[in-house]
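Student: Spelled out, the chains give:
There are 2 protein chains.
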Amino acid sequence: MDISESLKKRYLTIQNNRLANVFKVQDEIVSSIRAFLKGEGFTEILAPIIGPVTDPGIRGARQATIDYYGVPFKVMSSMILYKQMIITALPKVFALSPNIRLEPLETVRTRRHLTEFRQIDLEVAYATCDEVMDLGERMLCQVIVDVKAKCHKELGERCKTLRVPTRPFKRYTYKEALEVLKGIGMSVKYGEEIPWEAEEAISNVHAEPFWITNYPVTARSFYYMESEKNPGVLEDFDLIYPEGFGEAVSGGRRENRYEKLVERMRRSGEDPSQYGWYLDMLKVGIPPSAGFGIGVERLTRFICGLENIWDAVPFPKVAGVLSP
Amino acid sequence: MDISESLKKRYLTIQNNRLANVFKVQDEIVSSIRAFLKGEGFTEILAPIIGPVTDPGIRGARQATIDYYGVPFKVMSSMILYKQMIITALPKVFALSPNIRLEPLETVRTRRHLTEFRQIDLEVAYATCDEVMDLGERMLCQVIVDVKAKCHKELGERCKTLRVPTRPFKRYTYKEALEVLKGIGMSVKYGEEIPWEAEEAISNVHAEPFWITNYPVTARSFYYMESEKNPGVLEDFDLIYPEGFGEAVSGGRRENRYEKLVERMRRSGEDPSQYGWYLDMLKVGIPPSAGFGIGVERLTRFICGLENIWDAVPFPKVAGVLSP
Numbered sequence: 001m002d003i004s005e006s007l008k009k010r011y012l013t014i015q016n017n018r019l020a021n022v023f024k025v026q027d028e029i030v031s032s033i034r035a036f037l038k039g040e041g042f043t044e045i046l047a048p049i050i051g052p053v054t055d056p057g058i059r060g061a062r063q064a065t066i067d068y069y070g071v072p073f074k075v076m077s078s079m080i081l082y083k084q085m086i087i088t089a090l091p092k093v094f095a096l097s098p099n100i101r102l103e104p105l106e107t108v109r110t111r112r113h114l115t116e117f118r119q120i121d122l123e124v125a126y127a128t129c130d131e132v133m134d135l136g137e138r139m140l141c142q143v144i145v146d147v148k149a150k151c152h153k154e155l156g157e158r159c160k161t162l163r164v165p166t167r168p169f170k171r172y173t174y175k176e177a178l179e180v181l182k183g184i185g186m187s188v189k190y191g192e193e194i195p196w197e198a199e200e201a202i203s204n205v206h207a208e209p210f211w212i213t214n215y216p217v218t219a220r221s222f223y224y225m226e227s228e229k230n231p232g233v234l235e236d237f238d239l240i241y242p243e244g245f246g247e248a249v250s251g252g253r254r255e256n257r258y259e260k261l262v263e264r265m266r267r268s269g270e271d272p273s274q275y276g277w278y279l280d281m282l283k284v285g286i287p288p289s290a291g292f293g294i295g296v297e298r299l300t301r302f303i304c305g306l307e308n309i310w311d312a313v314p315f316p317k318v319a320g321v322l323s324p
Numbered sequence: 001m002d003i004s005e006s007l008k009k010r011y012l013t014i015q016n017n018r019l020a021n022v023f024k025v026q027d028e029i030v031s032s033i034r035a036f037l038k039g040e041g042f043t044e045i046l047a048p049i050i051g052p053v054t055d056p057g058i059r060g061a062r063q064a065t066i067d068y069y070g071v072p073f074k075v076m077s078s079m080i081l082y083k084q085m086i087i088t089a090l091p092k093v094f095a096l097s098p099n100i101r102l103e104p105l106e107t108v109r110t111r112r113h114l115t116e117f118r119q120i121d122l123e124v125a126y127a128t129c130d131e132v133m134d135l136g137e138r139m140l141c142q143v144i145v146d147v148k149a150k151c152h153k154e155l156g157e158r159c160k161t162l163r164v165p166t167r168p169f170k171r172y173t174y175k176e177a178l179e180v181l182k183g184i185g186m187s188v189k190y191g192e193e194i195p196w197e198a199e200e201a202i203s204n205v206h207a208e209p210f211w212i213t214n215y216p217v218t219a220r221s222f223y224y225m226e227s228e229k230n231p232g233v234l235e236d237f238d239l240i241y242p243e244g245f246g247e248a249v250s251g252g253r254r255e256n257r258y259e260k261l262v263e264r265m266r267r268s269g270e271d272p273s274q275y276g277w278y279l280d281m282l283k284v285g286i287p288p289s290a291g292f293g294i295g296v297e298r299l300t301r302f303i304c305g306l307e308n309i310w311d312a313v314p315f316p317k318v319a320g321v322l323s324p
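So the sequences go chain by chain: A and B. Under our numbering, think of the first position of the first sequence as 1, with each following residue one higher. Under our numbering, think of the first position of the second sequence as 1, with each following residue one higher.
It is possible that part of the hints are untrue.
Unchecked claim - Distance condition first, Cα-Cα at most 35 Å in a straight line; then the derived DSBU-like pairs of lysine-lysine:
| no. | chain 1 | residue 1 | chain 2 | residue 2 |
| --- | --- | --- | --- | --- |
| 1 | B | Lys260 | A | Lys283 |
| 2 | B | Lys260 | B | Lys229 |
| 3 | B | Lys153 | A | Lys38 |
Calculated directly from the structure, the hints in this document are not laboratory data.
I would like the entire structure built from these sequences, with the hints used as guidance.
Tutor: The structure is reproduced here in structure tokens:
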């Protein structure tokens, strides 16, 4: 069966015992993250699914729209705007947030893009990037320790090659990452997002997870804080898995100042009038914060050592494929 | 502020300390359910969000539709069809499943309908109704024990009035429930769904949760098993909270026989040609099963003793209101 046929007949392929093992490991991954974050004082909340606006920073994917009592509502592409609301009530929160992103058809080839996926999405009021990056490192290490201890049977051979990473993880700025890429023959123009092929290439030449920080303002969405001492550059970060598995985490400090945010929206080509409640909220005032989202299926793919992201979820949705 | 204004300005009302306490109790409710179900041998899986078809049995609400690469896809109104798929891989599963149901505008008045809500949705291969009802009773009692023990401060006065129910819970058949309703002056015609007002009325005259079983085939959707020894009646059940809080749980045994199911679809006015993968799956064969969904926001409303369901979720969506 080709990929598309195999996904359409998921009711047959799902009965493969290898997949049942992946789902059991995934359950342990999410349980481990929950236990870790609760130990750090986080409250788990229920993620929003639909709303008048959602995250526009989704790298060439389209948002999904429903008719909500005569008005177009979006299905969440990420809950970032809502995280900035909830931290006014609870200072440390996370949610298992389902996201829909209608990715370009060619993303089937990357083997790491789903059109429906989940993030463990967390936010901390008044936190710095360093604080949430440290949290992310400890969280990933704890998950790997827990999974190796509890899912030895389900992981099989992968249990031997999956190592607990050394902390602190290596850090490159975006600028330094472009130099590393140049060294392996991949040219990325300063100011642009690092494309999937380049991300996979830099991931391939690492044996441990590493950070890429301080993306240029032009490469990312309006909600990341611009550096005071280094204008044009963001206080943000991605975590990249080793061994070619690519992006794990995206996060950063958030812009919480109304005027600055409207200016950033305009610079990134967004129409502020589309962001009614969000801008009204910023006018009233919210605290600064930092946080990140870690993709659950990509983490499962990395931990289980899977070639294809569609084996890391019971009911996979891949660009252009009309599967269950 | 009226309800609509208050919901549109959720970024203000969310800062009420009473709500933060509700969200903390909700976190404990969901954690308690997870711990209980894992102790019973369940695996938690990731719920689907979109798909070609979803549950049509949603009592007068409309489904939400997105354009998925040129084809209409539904946002899940419930994951029932997918539960019948996953039990072929894992015999005891549950998921925290977000559902969208575009309810009629008048449901704002019931104070217990959201257009976006979550169920803990579980399914057990080869189980009977009695087995999953017993599981549901033990689960609800355990949640109340845990919440009373761990959320004394957040529950406040409600901690005194919230009692652990006596097991086994009282059971009425649908037919008997109609008699009880008649006794309190509410007339429901045999064969119809029990309307919201009647459900609230029968809930109001009970001090403990109770079951209503064996609804007539005409009142419910095609996926419930019809009784062999009592044709025209289903092997299904609802759990109703006491004190006017209304419906808690819906569940039953599932029809898994292809011919019977197509016949049931036809009788209930569904077009079998719309259910491509689902009917293909039934043709191949799946085991019989039983399961139920318990609404997370309604359980939170009952446990916290809230008047309004929209206080039982961080980002509430209510029929016709364009809130964040």
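Student: Now look at each hint and say whether the structure bears it out.
Tutor: Against the structure, the hints come out as follows:
1. The straight-line distance between the Cα atoms of Lys260/B and Lys283/A is roughly 59 Å, outside the 35 Å bound, and the hint therefore fails.
2. The hinted pair formed by Lys260/B and Lys229/B meets the criterion: a straight-line CA distance of about 16 Å does not exceed 35 Å.
3. A C-alpha spacing of about 18 Å is found between Lys153/B and Lys38/A, which places the hinted pair at or below 35 Å, so the restraint holds.
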